[in-house]
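The whole structure should be built from the sequences, with the hints applied where relevant.
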Amino acid sequence: MISLLNKANSVDSVSLLGGKGAALARLAHGGFSIPATLCLHSTAYDDFLAANGAREKIQLELARKDFKEMRWEEIWDASLRIRNLFLNGRFPDQLASQIREYVERHFVGKAMAVRSSAPDEDAGHTSFAGLHESYLDIRGVEQLFDHIKKVWASLWNDRALLYRQELGLDARQSRMAVVIQDMIDSDTSGIVFSQHPDQPGQMVIESVYGFNQGLVDGEIEPDRWIVDRKNGSVLSLSEANQPRQAILRDGHGLHKQEVVGSQAAKPSLSNEELAAVGNLALDLEKYFGCPQDCEWTFSNGKLIVLQSRPVTSLAVGDQKDERSWYFSLHRSFGNLIKLQQEIEGTQLPAMAEEAKALEEIKLESMSDLELAAEVERRMAINQKWVDIYWQQFIPFAHGMRLFGEVYNDLIKPDEPFEFVSLLAGNAMLSTARNKLMAELAALINEDPQLAGQLNRGYLSAITHEEFLVKLNQLKRGFGNLFSSQTDLVDEQDSQKMLFAVLGQFAKKPMQSTRETAAQEKVKLFLEKARLAQLAFSGQEILDLGRASYRLRDDDNIYLGKIEQQLAVAVSEAKKRLDDQALFGKAEPERIIKALRGEKIDAVSSGAAKSKEATTLKTQIKARQLTGQPAARGIARGPCRLIQDPSDLASFQEGEILVVDAIDPNMTFVAPLAAAIVERRGGMLIHGAIIAREYGIPCVTGIPEAMTLITSGQVITVDGYLGIVTLGGKGDD
Amino acid sequence: MTQPQETEKEIRKKISALLESQLLAVLASQRHGQPYSSLIAFAHSKDLRHIYFVTPKATRKFINLISEPRVSLLVDSRSNTEVDFHQAEAVTIMGVVSEVGEDDLAACRSLYLTRHPYLEEFIHSPSTAFLQVTVRSYILVNNFQHVMELHMTDDHDIFA
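Top to bottom, those sequences are chains A and B. The opening residue of the first sequence carries number 186 in our numbering; numbering runs sequentially from there. The opening residue of the second sequence carries number 183 in our numbering; numbering runs sequentially from there.
It should be emphasised that the hints constitute simulated quantities derived from the structure, not laboratory data. Don't take every hint at face value.
[To be verified] List time: in silico EDC-like cross-link candidates among lysine to aspartate or glutamate, alpha-carbon distance up to 16 Å:
{"no.": "1", "chain 1": "A", "residue 1": "Lys-242", "chain 2": "A", "residue 2": "Glu-725"}
{"no.": "2", "chain 1": "A", "residue 1": "Lys-295", "chain 2": "A", "residue 2": "Glu-406"}
{"no.": "3", "chain 1": "A", "residue 1": "Lys-451", "chain 2": "A", "residue 2": "Glu-406"}
{"no.": "4", "chain 1": "A", "residue 1": "Lys-706", "chain 2": "A", "residue 2": "Asp-678"}
{"no.": "5", "chain 1": "A", "residue 1": "Lys-806", "chain 2": "B", "residue 2": "Glu-264"}
{"no.": "6", "chain 1": "A", "residue 1": "Lys-806", "chain 2": "B", "residue 2": "Glu-202"}
{"no.": "7", "chain 1": "A", "residue 1": "Lys-706", "chain 2": "A", "residue 2": "Asp-599"}
{"no.": "8", "chain 1": "A", "residue 1": "Lys-253", "chain 2": "A", "residue 2": "Glu-889"}
{"no.": "9", "chain 1": "A", "residue 1": "Lys-806", "chain 2": "B", "residue 2": "Asp-266"}
{"no.": "10", "chain 1": "A", "residue 1": "Lys-655", "chain 2": "A", "residue 2": "Glu-624"}
{"no.": "11", "chain 1": "A", "residue 1": "Lys-242", "chain 2": "B", "residue 2": "Glu-264"}
{"no.": "12", "chain 1": "A", "residue 1": "Lys-806", "chain 2": "B", "residue 2": "Glu-190"}
{"no.": "13", "chain 1": "B", "residue 1": "Lys-195", "chain 2": "B", "residue 2": "Glu-271"}
{"no.": "14", "chain 1": "B", "residue 1": "Lys-228", "chain 2": "B", "residue 2": "Glu-202"}
{"no.": "15", "chain 1": "A", "residue 1": "Lys-708", "chain 2": "A", "residue 2": "Glu-725"}
{"no.": "16", "chain 1": "A", "residue 1": "Lys-295", "chain 2": "A", "residue 2": "Glu-327"}
{"no.": "17", "chain 1": "A", "residue 1": "Lys-708", "chain 2": "A", "residue 2": "Asp-738"}
{"no.": "18", "chain 1": "A", "residue 1": "Lys-806", "chain 2": "B", "residue 2": "Asp-336"}
{"no.": "19", "chain 1": "A", "residue 1": "Lys-242", "chain 2": "A", "residue 2": "Asp-231"}
{"no.": "20", "chain 1": "A", "residue 1": "Lys-660", "chain 2": "A", "residue 2": "Glu-544"}
{"no.": "21", "chain 1": "A", "residue 1": "Lys-242", "chain 2": "B", "residue 2": "Asp-266"}
[As the list claims (entries may be wrong)] To spell it out: a stretch of chain A is covered by chain B in this simulated footprint if at least three of its residues, at any positions, have a beta carbon under 8 Å from a beta carbon of chain B; those stretches are:
{"no.": "22", "stretch": "232-244"}
{"no.": "23", "stretch": "808-814"}
Quick reminder that beta carbons are idealized off the backbone N, C-alpha and C, glycines included.
Below, the structure is given as structure tokens:
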């Protein structure tokens, strides 16, 4: 189940050793110098799975929902659960002692590199290198065990799952071998293409001082030679502008730093070394029978092959489909910190200022043409912020995922989403708004006169000062709670709706959000992080995760205010257009045309859409629907479907909220709800976040939620298992 | 909102495919409130309205059915390996048993024999009864916990 790759060992089966392992075995067998290398066969993966009953658990996780219906976030959630399955798994005794024996014989006191070696990783003409994980500077057998598990788990990481078809990933039979290598000292490292992908007569050599990791992951700029294949003459050399190098800091992983002194003044390879690399590439090409893409290193003057594979076109990252955008969501700690500064320091204040400036504009005094221009301008402003939202805010949400991975690595919790409880407790705008609403409700409860005035609709008669101050605070801070972008609910109606909701708040004792993150868990995490000596402190990654979590909620509230200002302008325009039937639900584009007196089509697509929402009359009935268990707990009660923000006004205390996609502008009914069910899936989406804040059960990712569940129906929400059961106690 | 939705046609197709794939079903009958289950060889009508099976008249299940014709059947695609947990489907069938009348007998027997040609002698024996379950509803379970119901009448109460 494990073999040492050397000249004498002729095992080179790809299904056993994986692509990388098999290529290394062939190199060793051919007499090329490679670092001391062990390969853990793919059968060891099978053994581990069998010992932990994990194969069916993975299949259950992946069969939860049709892949086509899974959003990227749900794929990430699934892969996190699978990763946790591996982290908490136990090595079968025989396998563990075998690994221990080999490591003690060949790697004692040495830093190891632990690399994935999937059978399909480098197959064919496309390369999926980099999809799975590799780890550097691993020391000791216990660390090795942990990292073997992580490499195995990476067979099912979100990136691999996105490319499952191309990879032929199949939970029934996919397996992963693991390559364990001595991280030998590297003076200079690099890559060589024995044949330039575009110029068949040329060879490409890239080189950096130190380890080649920085070069391979694109963070360190190399010196680059183009060499004539026939005679080895240098056709061109472009030197790195600011040479940097990756060096190993004992037990602290790789560290990147500037190259200084005499080394900085000259290229990283001498002419002799360059020729040696060129010759090696040609030898490899001859041995393997096709042009090679090889990673090499000079260690104490000796040229060593780290890996070699056929020159391929890169499959990942250069595609036009949206998967490459998902890939861009994986950000490093440093990148996320920069993003946080940009968002909190620049974008959010600018957004608030812009919304305020728009609010102050007097639309009533504009001419029709001026108003048309203003609607157009607001559409552009809204679009600008929507773009920024996608470019910066959404990627920043990866901060909590990064924290989650670090937390799970260090703590290995039974529940893979335990980390979310450490993120909560920060002041989120939505919970601040809900608190304000609860305080208003409390004032109504305390003062029968105020309650009476509200009930009878004598709003102008209200003199309760504290109530008016808080009401004003709510309006100023959060705008009109019941408007959507194209459908503005007027001020008076909105106020009535608000009082209806406050009436529901008043029925319920004031509910506080959960305790700020369990202090014990925070303490344990910080302690473990300190011992693990990560590249960042535990507090730093926790702060990043918390900022990311808070912003995921807050950014929508800011964006909501901009959208509302567009809605205000559209609403003013609608008032001026006579035909409500024609313009009632029309998009801003049509409104602009109408204001300008241009001809428009008779049927608005907005009107057409509303017809689709008719419910199907059929003899089929859903009894039990499955989704993701996004917040624990169980609740039963009548449900209310929210088709439009104005439906929120009729929400009754104790009902179950069923929505297509909840956004934070809608979550003010969460404190009233017994549970939340959401069509859109994910463990870290708004519905899940707010449900965890209030400690109510939540199930997300039920594709049929809005079509198979009907308002008023009694449903049971099982937030432990992610199941929604339709029908009451006994049956219907 | 254009999320996919299982239509009645799709559910019917899934149930038909499951019935088609299996030769045997578990039949639950009862006596004095005591449930009793038996394995039976079944066939079904294309419109899913009826399930047919044959039983010797001297059996406990036949006697049970005479006094309480309401039954439940279970048909499933388990392979008795762990993949069942994400792969197997099961359908619970609720209905009422009666003997097939003379008019329909020939057609029903021929349908049944297409599924179970080896039972020719058995079904023609004077000691057996050729029975039909008139289905009230199907409850289809797949993906571990996804449950959909197909009702053949307007009364959707499973336990009526």
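Please flag the earlier hints that this structure goes against, numbers listed from lowest up. Checked against the structure, the hints that fail are numbers 1, 2, 4, 5, 6, 9, 17, while the rest are satisfied.
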